[in-house]
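Trainee: These are the residues of each chain, in order.
Protein chains: 6
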Amino acid sequence: MATVRLLSDEEAGAEALATFNDIRVKRQTDYVNNFWRALANDPATLKATWERLQVVMAPGTLDPLVKELIYIAVSAANGCDYCVHSHTAAAKAKGMTPAQHGELLAVIAMAAQTNALATALAVPIDDRFKA
Amino acid sequence: MATVRLLSDEEAGAEALATFNDIRVKRQTDYVNNFWRALANDPATLKATWERLQVVMAPGTLDPLVKELIYIAVSAANGCDYCVHSHTAAAKAKGMTPAQHGELLAVIAMAAQTNALATALAVPIDDRFKA
Amino acid sequence: MATVRLLSDEEAGAEALATFNDIRVKRQTDYVNNFWRALANDPATLKATWERLQVVMAPGTLDPLVKELIYIAVSAANGCDYCVHSHTAAAKAKGMTPAQHGELLAVIAMAAQTNALATALAVPIDDRFKA
Amino acid sequence: MATVRLLSDEEAGAEALATFNDIRVKRQTDYVNNFWRALANDPATLKATWERLQVVMAPGTLDPLVKELIYIAVSAANGCDYCVHSHTAAAKAKGMTPAQHGELLAVIAMAAQTNALATALAVPIDDRFKA
Amino acid sequence: MATVRLLSDEEAGAEALATFNDIRVKRQTDYVNNFWRALANDPATLKATWERLQVVMAPGTLDPLVKELIYIAVSAANGCDYCVHSHTAAAKAKGMTPAQHGELLAVIAMAAQTNALATALAVPIDDRFKA
Amino acid sequence: MATVRLLSDEEAGAEALATFNDIRVKRQTDYVNNFWRALANDPATLKATWERLQVVMAPGTLDPLVKELIYIAVSAANGCDYCVHSHTAAAKAKGMTPAQHGELLAVIAMAAQTNALATALAVPIDDRFKA
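Chains as they are written, first to last, in our numbering: chain A, 1 to 131; chain B, 1 to 131; chain C, 1 to 131; chain D, 1 to 131; chain E, 1 to 131; chain F, 1 to 131.
One should not assume that every hint holds.
The list cannot tell twin chains apart, which means a pair is met if one copy fits it or any two copies do.
Cross-link-like lysine-lysine pairs, in silico, DSS-like; alpha carbons within 27 Å at most [claimed, not checked]:
no., residue 1, residue 2
1, 92, 130
2, 130, 94
3, 130, 26
4, 47, 92
By construction, these hints were calculated from the structure, which means they are not laboratory data. Note that this is a predicted model, so its numbers are computed, not measured.
Whenever a hint applies, use it, and build me the whole structure from the sequences.
Mentor: See the structure below:
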């Protein structure tokens with residue numbers, strides 16, 4: 001259903017295959033998911049995206065699970081069905097419990113609702129909220 | 001600039017004023033921000049929104065700061081300027097450090113970017129991501 | 001603040017001015033709002049947009065006020081601040097009461113919230129909802 | 001395809017089942033659609049969402065069909081495929097005619113188009129549109 | 001899966017069929033794609049949309065392929081799966097190479113990412129960017 | 001109005017200042033716009049964003065002006081006011097004529113409108129559009 005072919009290891013060129021293999025090593029799995037196989041049609045973007053993703057999602061002052069929750073929230077707001085699925089799976093793999101998932105969804109719904117209200121009301125920003 | 005008047009305490013009716021006062025008590029501040037003053041034109045929605053917000057944002061299996069980060073993420077993705085400002089201020093009040101803010105923004109940007117790629121590529125969902 | 005100049009009657013060419021004047025006649029007002037003055041930089045799009053708008057917003061099986069409410073709802077969901085303002089003003093001019101405005105906002109907020117939940121949950125469509 | 005299991009009556013706990021049954025009574029149908037079965041993984045959000053929905057969608061100064069049309073408009077603008085389907089079905093059940101559906105779609109399309117133009121032109125808001 | 005029936009030539013009325021036939025002539029193909037068959041439920045909107053599309057997408061100061069690239073970009077940002085597919089197919093038919101497709105996707109992703117950052121940072125517009 | 005301080009050269013640390021200076025050299029201007037001054041609060045993201053931007057926007061199989069048009073289209077669809085302004089200015093600097101700007105806007109509006117229709121109609125994807 002994609003707008004490009006999902007490239008198998010055999011179809012991927014050397015540069016894309018090297019990224020596939022780096023994904024395998026870093027994630028400790030043989031499975032390379034469809035997002036990367038679609039991106040492989042442009043090996044430079046595949047590599048840049050994968051490298052940046054590792055930097056951004058690495059443990060820092062926010063822990064990796066929190067980062068996944070944020071990722072799910074953005075993906076839901078942007079209506080990216082693929083990303084909602086892949087990052088919900090990733091969050092579960094990093095230990096997200098059903099209770100945490102439920103709270104995440106409640107916050108996403110609350111934000112969506114007040115976003116809509118604030119926009120439809122065109123509420124002016126309070127001076128004290130400005131940095 | 002709002003599409004309704006922002007109601008002062010004097011302009012708000014008894015029901016809206018009761019909610020303003022509950023906000024003051026729960027937040028331990030005399031300040032009632034513009035969002036609530038705009039919503040006060042519909043006292044029932046004002047009350048329902050404030051009550052639901054307290055339930056959703058209360059400490060649970062996710063801590064309140066994490067919930068604020070998620071709220072900012074959704075608000076940015078939805079392009080709600082007011083909400084980005086008010087919840088960034090709220091997150092700072094709950095202890096968000098500049099480093100955490102920076103990591104939050106990096107995740108938001110990463111998600112926005114891969115959301116766009118996955119959508120433009122129309123990547124089919126991997127079977128293993130389905131619940 | 002626009003990305004183009006807002007053209008005064010004097011700056012608009014003959015074709016754009018003809019559309020300005022048609023707006024004046026049909027709306028029975030001398031005032032031509034900023035949207036049209038910005039669009040006037042491309043007289044053909046100005047004319048096509050104005051003509052289509054009249055067809056779409058004319059009384060039909062839905063009355064003009066209902067159409068304005070729908071317009072506000074879409075504009076809020078799309079985050080168009082200008083359109084939220086102009087169509088809220090138009091709805092008020094067509095008789096929207098504060099109570100109707102309040103109900104409109106409540107529906108917009110409810111929809112935004114369940115949209116977010118359905119997307120984050122990736123709920124499959126029930127067979128009975130398919131036409 | 002959902003990111004959670006759709007809970008059958010047997011899988012739902014007592015609290016979720018009580019909401020399912022309330023849906024059945026109020027809607028006068030035995031059928032509980034997938035949205036509620038997905039939400040049932042978090043019985044408190046299920047109950048809060050269902051209760052708020054009834055308040056918001058009840059007849060008021062706007063009639064229930066008009067509220068469904070607004071719901072469809074927001075859902076389309078937010079790109080929620082599930083919600084577009086479920087609320088189009090609901091609108092048909094409440095008497096939406098093909099002609100009304102056509103007019104609704106024409107307004108949605110018109111709004112989307114002028115939203116895009118106003119945003120790309122960054123049209124400043126006319127003073128007279130401010131409340 | 002549509003919210004309306006996709007009308008076959010036999011089901012379409014005379015006005016819709018005339019538009020189908022005009023599509024066939026102008027595109028030099030017998031195939032009428034699903035978008036038009038869905039729109040055929042409202043023959044006036046079908047006709048208006050088809051006629052406007054031809055004007056907008058005609059060669060001008062931008063060539064038709066560039067217009068298709070822009071169309072894909074908007075469709076991806078708006079999360080319209082159907083439109084991403086149909087306009088990616090159209091762009092390929094107009095000569096879009098895999099390298100051009102890759103560059104298009106990279107720009108879409110870059111824009112999505114900086115859009116998110118600028119919104120979450122609420123960056124004020126530089127005076128020099130104002131027209 | 002930003003959610004962070006816009007850092008002057010004096011406030012920026014050594015790493016951020018190095019990026020500011022690289023921007024100055026590559027763009028052959030002393031002016032560093034607000035986006036970069038806001039991003040400077042997180043020097044690593046500032047650097048990564050600036051470096052990626054140069055790669056993506058460099059001349060390739062698409063020329064730089066076409067890339068700017070695509071950037072504007074995405075920014076408008078995402079409702080990013082800052083980005084619409086900055087990239088419209090960039091496109092003008094790269095030679096975008098008023099006529100090209102008009103055609104760009106017409107395509108953006110057309111796409112927004114058919115995106116909304118296809119989503120509200122939930123049009124199923126034609127088999128021939130699948131890669």
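Trainee: None of the hints should be skipped; say for each whether it holds.
Mentor: Here's how the hints hold up against the structure:
no. : hint     : result
1   : 92 - 130 : between (36 Å within a copy, 12 Å between copies)
2   : 130 - 94 : between (35 Å within a copy, 16 Å between copies)
3   : 130 - 26 : between (41 Å within a copy, 23 Å between copies)
4   : 47 - 92  : both (25 Å within a copy, 25 Å between copies)
When each numbered hint is compared with the structure, no violation occurs for any of them.
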